[in-house]
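We have chain A already, so just place chain B on it with the hints.
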Amino acid sequence: MSTESATGFDRFVSEERRELWQRSWKRFSSRPMSVIGLGIIIAVILLAVFAPLVAPYPEHAGKFTDFSNTLQPPSLEHPLGTDHVGRDVLSRILFGYRLSLMLVGVVLGFGVPVGVLLGLVAGYYGGWAETIIMRATDTALALPPLVMALAITSALEPTLTNAMIAIAALWWTWHARLVQSIVASERSEEYVQAAKLAGASTPHILFREILPNTLSPILVKVTLDAGFVILIGAGLSFIGVGVQPPQPGLGTMVSQGTSYLPDSWWVSVFSGLAIFTLVMGFNMLGDGLRDLFDVEVNR
Amino acid sequence: MSREEYTQNDTRSGSKLGNVSDQFEDSNSRRTFLKALGVTGIAGLAGCTGGGESYDGEENGDETTASSGGGETETEGSDDGTAGSSTLRMSATQRFGTVDPAKGTDYTQVLALVNLYDPLVFPDTEGNLKPHLAEDWTVSDDNKTYTFTLREGVTFHSGNPVRAEDVKFSAERFLDINQGYSSLLGNVLSKENVTVEDDRTVSFTLDRVHSPFLATLVLLFVVDKKAVMDNAADGDFGDRGDYAQDYLNNNDAGSGPYELAGFERQAQISFSRYTDYWQPFKDGAYDNVVVKIITKDPTVRSLMKTGELDVSSQYQSEETYQALAKEDDIRVDSIPTVTMFYFKINTQKSPTDDPAVREAMAYGFDYETARNQIAPGSLPAQGPLAPSFGVHNDDIVQPTYDPEKAKQILADAGYEEGDITVQNTYVKDFGLEEKMGLLFQQNMDEIGINVELNPQTWGTMTELATSVEKTPHVNQVFYGPVYPSPDTVFYNQYHSGTASTWMSMEHLEDSKVDSLIDEARSTVDPDTRGQLYADLQDHLANLYPDLFIFVQSKKHAFAEDVQGYTFRPSMSFDYWFPDFYQE
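If you read the sequences in order, they're chains A and B. With UniProt numbering as the guide, the letters of the first sequence map in order to residues 1 to 299. With UniProt numbering as the guide, the letters of the second sequence map in order to residues 1 to 583.
Since the hints were derived computationally from the structure, they do not count as laboratory data. What you are looking at is a predicted structure, and each value in this text was computed from that prediction instead of being measured. Watch out, some of these pointers could steer you wrong.
[Stated by the list, open to error] List time: in silico EDC-like cross-link candidates among lysine to aspartate or glutamate, alpha-carbon distance up to 20 Å:
1. A:Lys63 with B:Asp535
2. B:Lys326 with A:Asp263
3. A:Lys63 with B:Asp445
4. B:Lys428 with A:Glu157
5. A:Lys63 with B:Glu446
6. A:Lys63 with B:Glu452
7. A:Lys63 with B:Asp419
8. B:Lys226 with B:Asp198
9. B:Lys428 with B:Glu318
10. B:Lys407 with B:Asp366
11. B:Lys407 with B:Asp394
12. B:Lys305 with A:Asp263
13. B:Lys512 with B:Asp535
14. A:Lys63 with B:Glu417
15. A:Lys63 with B:Asp402
16. A:Lys63 with B:Asp429
17. B:Lys305 with B:Glu583
18. B:Lys470 with A:Glu157
19. A:Lys63 with B:Glu368
20. B:Lys305 with B:Asp328
21. B:Lys296 with A:Asp263
22. A:Lys26 with A:Asp287
23. B:Lys407 with B:Asp419
[To be verified] Here are the in silico distance ranges between beta carbons for each label pair:
24. B:Asp234 with A:Glu157: 37 to 45 Å
25. A:Arg31 with B:Glu446: 49 to 57 Å
26. B:Lys470 with A:Leu143: 27 to 35 Å
27. A:Arg135 with B:Glu469: 37 to 45 Å
28. B:Ala356 with A:Trp265: 21 to 29 Å
29. B:Gln531 with A:Gly62: 42 to 50 Å
30. A:Asn69 with B:Asp419: 45 to 53 Å
Cβ coordinates follow ideal geometry from the N, Cα and C atoms, glycine included.
Chain A extracted, bound-state conformation (with noise of 0.2 Å):
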């Protein structure tokens, strides 16, 4: 939390509301559940990054095969096992995660801007702006996301950039209609009309003035939906759609296992304890922003 490095953000977050922030970092680390779920991101976004070097065996991520050393059981050469072609389980996991962190940040990257912008737009402006774009975030809100994911990735190739776009594309409707909701209520707010009177541009009073208002909420929402996105393609690529073989997708792995169940336990069980961590970390670390910015709301 320092406090001269990103003027930037300086600029964008007063001194008062970093005085809040550090207040409420001290709440968030009082609470274990909160600060194990950080812990597990950080670290998980470390091993991603640097699989290559913490793989025992990072050729067993690509293009690699050794059927006289097939479904092994967890030994000291293999902590979690060999799959059925003979693969590092573990190796496997860590690519695995790069390829769900980056579905997270693909489709929250795309989703979450255009989400909240058109929630600024739709809230702020109300009439016709606000029927419009919020009827489409309705429409777009009744196609469940799984199974919209599967239709345009079979219309298309079934491929990981197709799952991406296709779970991209409806995920913005959740931001929209959160922001859309607050942004409703605030742009009546007296700050509000205090900085239409000191003749503010519209861009400065939707991104400097209103925007930051509704930050805490959607960062709480960035987070759970991180579990989700995941969880979404751990399903795609377990039914076969988004990751490609021999990528090591997680959801792949679990459902590649399962032809081999019970006697070949681990590549289902540790790809799919895998793939719990992660969203678990997600979970708890999202459960632990909501509680403290529902207190600071309360204040």
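Below, chain B alone, put in the same frame as chain A:
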């Protein structure tokens, strides 16, 4: 019809006419072939209609009016599912798309047809044709007219007698609907040339000499004309309406050893014994047979272990067979077949239209690992035909794993590393093929060919196969004889005149191949034909239209008390239920 008489018929026709053992002529010296049988691998769902309808069991069950045709029929009432009746429970990996005898093509469909209907002739364990509905036949001197005498006293499940008229009608229905395997007959037979001589005599006059004709007749299933006409709806075939296509999609009108007793297309199909069948059943033959569609290996494993399943499908994973073999009351049999596993290469699309690329792939693949580690028990391939065929050419050079040679071939042809990217398509969720794909990807990476794996459903694969452009570069397909003749291996896969199907994903266009196949078809003398087939195999091997990976040994897990499984080298004819009995 006594058993003795039946056996006599066997011998007579075996030595006289329509004997295809000459095509498998070395079979006696090849023990392997005695065990061989053909099955098209994970053969498909082509031609299926949408599912969901279920069969209503009303039609059967009330056929006690049928006269007792033979003296040795089982006692009445043993087939109504009451206590004491025996049931054989099998699993299959794909649904039964249709039970229409004019439409079935894949292994589940033919499995149902073989048991519901009777063809005129039937293959034995060596691929010889035995009398079945026909008790005898003669061939004219010009080898164009085949005259069949029908067995006496055979009745359909409806009780109607089987007459020559029904045979003619079945051929007309097959040719008119023009689906399934009808082109096998359609190419050489027009329906006007099927003649009813008298009630028990029917003759087929071919347009030209066609040596595999008799073998293809195992796929002409005889339907009950009266039952079909009674159930025909309006349709495109004049006074014959729709030829009862709707009805026969879910009901049977045959004379086979088993009747359809229940049909839930997506889940299971059940059969009950036809008590008035012309041929006596063995002691301990099953009263009922249920085939359940189970795609997941763990399900098969647990059902086998708890005794709720008697026979597994042939497509379980190696791990499943190993686990089941450890159980006390289960045995796993490995049965050499004449089915081969091919990587079919699209020869009309860049870059695999270049023979050098195909040759390099052939030398870059690790056949040993594929055979010993991925499909243990399978036999080495040598050229396009399974070596246990009598007409197999033993002099063909089968490529071996030699990455250096493969690289050299590519370099000589002017390719550099990374120039070539090919797609490999296989059936999604089929463990063996996924492993093959990963091995291929790794092998090709070593010689500088980039492979994209592209798993698809079988339905999509059959769909892609119909267009040269859409057919992926390399396709994993099991293919085995659908009728007991080597012709089935060559014509369906390599003749340019054959329709574009999953069997011919090579889309090969080679005039020498075509003329050799045509010549073999019009040659009656077995020695001449054998020579033609030998030349053909040699020529095909040099064209590298496929990687010939291995000859399949199929495995089944059997409950210990299930006996009688009998090999027949024609797809699904080894699942003829009367073979099976309970110990």
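Hint consistency between Lys512 (chain B) and Asp535 (chain B) [alpha-carbon to alpha-carbon, up to 20 Å] | 10 Å, holds
Satisfaction of hint between Asp394 (chain B) and Lys407 (chain B), Cα-Cα up to 20 Å = 27 Å, violated
Distance restraint evaluation - Asn69 (chain A), Asp419 (chain B), Cβ atoms, bounds 45 to 53 Å | With Cβ atoms ~32 Å apart, the hint is violated.
Quick one: are Lys470 (chain B) and Leu143 (chain A) within 27 to 35 Å, going by C-beta?
-> 29 Å, holds
20 Å limit on alpha-carbon distance, applied to hinted pair Lys305 (chain B) and Asp328 (chain B) = 9 Å, holds
Given the hinted pair Lys305 (chain B) and Glu583 (chain B), is their alpha-carbon gap at most 20 Å?
-> 19 Å, holds
Would you mind confirming whether the straight-line C-alpha gap from Lys63 (chain A) to Glu417 (chain B) stays at or under 20 Å?
-> 16 Å, holds
Given the hint that Lys63 (chain A) pairs with Asp402 (chain B), test it: the Cα-Cα distance must not exceed 20 Å.
-> 19 Å, holds
Holds or violated: Lys63 (chain A) with Asp429 (chain B), Cα cutoff 20 Å?
-> 19 Å, holds
Taken at face value, is the distance from the CA of Glu157 (chain A) to the CA of Lys428 (chain B) at most 20 Å?
-> 14 Å, holds
Between Lys63 (chain A) and Asp445 (chain B), is the straight-line Cα distance small enough, at 20 Å or below?
-> 8 Å, holds
Given the proposed pairing of Lys63 (chain A) with Asp535 (chain B), does the C-alpha separation stay at or below 20 Å?
-> 39 Å, violated
Against the hints set out earlier in the document, violations occur for numbers 1, 11, 28 and 30.
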